[in-house]
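Undergrad: Single-letter residue listing:
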Amino acid sequence: DAKTTQPPSMDCAEGRAANLPCNHSTISGNEYVYWYRQIHSQGPQYIIHGLKNNETNEMASLIITEDRKSSTLILPHATLRDTAVYYCIVRVVGNQFYFGTGTSLTVIP
Amino acid sequence: EAGVAQSPRYKIIEKRQSVAFWCNPISGHATLYWYQQILGQGPKLLIQFQNNGVVDDSQLPKDRFSAERLKGVDSTLKIQPAKLEDSAVYLCASSLETGTGGYTFGSGTRLTVV
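Residue numbers (my numbering), protein chains in the order written: chain A, 1 to 109; chain B, 1 to 114.
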């Protein structure tokens, strides 16, 4: 049962940064924040995860607030191929991933 | 590395018929998962295997769904008999171990029950 709140949809101009918010106000100390995305007709794709510190990889950056009650996924230069549903999930290591309905991001040319 | 392979890609059956889906996980991945994704919803876990043993099947409708993972590699998910509400995408995922890493998902099988 999803413990996160995300806006149902967002738009972003191509080439600009996409900032996707996620609220997880009841997160426990041992729960990680994960982000996946699902492009139409494909399975979900793992993007990034973190516990406390901000994280960056070749796909995105994850910013977690100091109180860990919210986070933001940043796609620095959005392209049309980034149009997808983005899922924010909190998870204790070893437990399953509970997917909510996510944020549908549309990148506009 | 090769991804998670699933087949068939699409399947249309009549209600009360049976259907089977196949999954080949990434080589060396001990943990395998089957998810069901109904249109407009996020994926929901049906069953989790660790090698060839079931770890969690609490959300699997066992009166009609069954799954097996012989020899701890490939897995098959079966529905018998199918109902209209089983129309969904069935996703298979695998992971190296139950650590902090994410899962790798296949592209899924889209089932339509008419």
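Derived by calculation from the structure, the hints in this document are not laboratory data. A hint or two may mislead.
Said to hold, decoys possible - A short, non-exhaustive set of chain A residues, derived as facing chain B with CB atoms under 7 Å: (1) Gly43; (2) Tyr46; (3) Gly50; (4) Val93; (5) Gln96; (6) Phe99; (7) Gly100.
Using N, Cα and C, we set each Cβ at its ideal position, and we do this for glycine too.
Undergrad: Each hint needs a verdict: does it hold in this structure or not?
TA: Cross-check of the supplied hints:
1. A distance limit of 7 Å between C-beta atoms decides the matter here; for A/Gly43 the minimum to chain B is near 3 Å, and the interface restraint holds.
2. About 3 Å separates the beta-carbon of A/Tyr46 from the nearest beta-carbon of chain B, less than 7 Å, and the hint is met.
3. With a cut of 7 Å, the hint placing A/Gly50 at the interface with chain B is violated, because the nearest CB-to-CB distance is about 10 Å.
4. Taking 7 Å as the C-beta contact cut-off toward chain B, the hint placing A/Val93 at the interface holds, the least distance being around 5 Å.
5. Restraint check, A/Gln96 versus chain B: the minimum CB separation of about 5 Å is within 7 Å; hint holds.
6. The criterion of a C-beta within 7 Å of any C-beta in chain B is met by A/Phe99, whose closest approach is roughly 3 Å, and the hint holds.
7. The beta carbon of A/Gly100 is positioned within 7 Å of a beta carbon in chain B (closest approach about 5 Å), and the interface hint is therefore held.
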